[in-house]
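Chain order of the listed sequences is A and B. Just so you know, the first sequence maps onto residues -10 to 103 in my numbering. Just so you know, the second sequence maps onto residues 717 to 828 in my numbering.
Bear in mind the hints are in silico, worked out from the structure with no lab data behind them. Each hint can be trusted.
Some chain B residues near chain A, calculated using beta-carbon distances under 10 Å:
#1 Tyr751
#2 Leu759
#3 Gln760
#4 Glu764
#5 Asn772
#6 Leu806
#7 Ser810
#8 Gly812
#9 Gly820
Heads up, the beta-carbon is just placed ideally off N, CA and C, and yes, glycines get one too.
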Amino acid sequence: QQQVKQSPQSLIVQKGGISIINCAYENTAFDYFPWYQQFPGKGPALLIAIRPDVSEKKEGRFTISFNKSAKQFSLHIMDSQPGDSATYFCAASIYGGATNKLIFGTGTLLAVQP
Amino acid sequence: KAGVTQTPRYLIKTRGQQVTLSCSPISGHRSVSWYQQTPGQGLQFLFEYFSETQRNKGNFPGRFSGRQFSNSRSEMNVSTLELGDSALYLCASSQGQGYGYTFGSGTRLTVV
Chain A
-10 QQQVKQSPQS LIVQKGGISI INCAYENTAF DYFPWYQQFP GKGPALLIAI RPDVSEKKEG
50 RFTISFNKSA KQFSLHIMDS QPGDSATYFC AASIYGGATN KLIFGTGTLL AVQP
Chain B
717 KAGVTQTPRY LIKTRGQQVT LSCSPISGHR SVSWYQQTPG QGLQFLFEYF SETQRNKGNF
777 PGRFSGRQFS NSRSEMNVST LELGDSALYL CASSQGQGYG YTFGSGTRLT VV
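From just these sequences and the hints, can you work out the full model?
In structure tokens:
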């Protein structure tokens, strides 16, 4: 029940295309869903996050879509660029709970071809 | 504003030895968490500290331990190293409940 399932494992997109990564969770207590971007040799960096009171959040070319009833959320990268090539992780936690523990998905390796 | 600093960046140890990794959080951040990242298991939560108190611990053997000091700096220790402990160990800091985490670049531990 603590798992966050992420797909696809890898993704190849042409420059200018839309990259879509999906995640699903089981624990209905989760109410904070961040996405992290990780480049080789670096730690994960917070990209964008959403809470269940909204169904969509957009920051620049990055959009999170959230479906509370389906317990799913996804990251959309519009106008994908070669510089977006990285590993993306979704995560879930209980916002403002007794712990900030993050449960991570397994990651998606994105390659944007020029 | 300086980010999360982890030292050392790389470490090679022999099986059976012990190792201590250090993390300096962002100034003002009182919450520090540690994660282990491996290709097979992904990102796994190790422990979380807030104001020198361990708030949560992941499903790791007792060989993994940590602590946080009064200045919020944190260390984690792994005793009796095993080959399977080879991983990237990541430290993350946060202002506290309800705030996002900022990760350091990690310490790459190789056990031979």
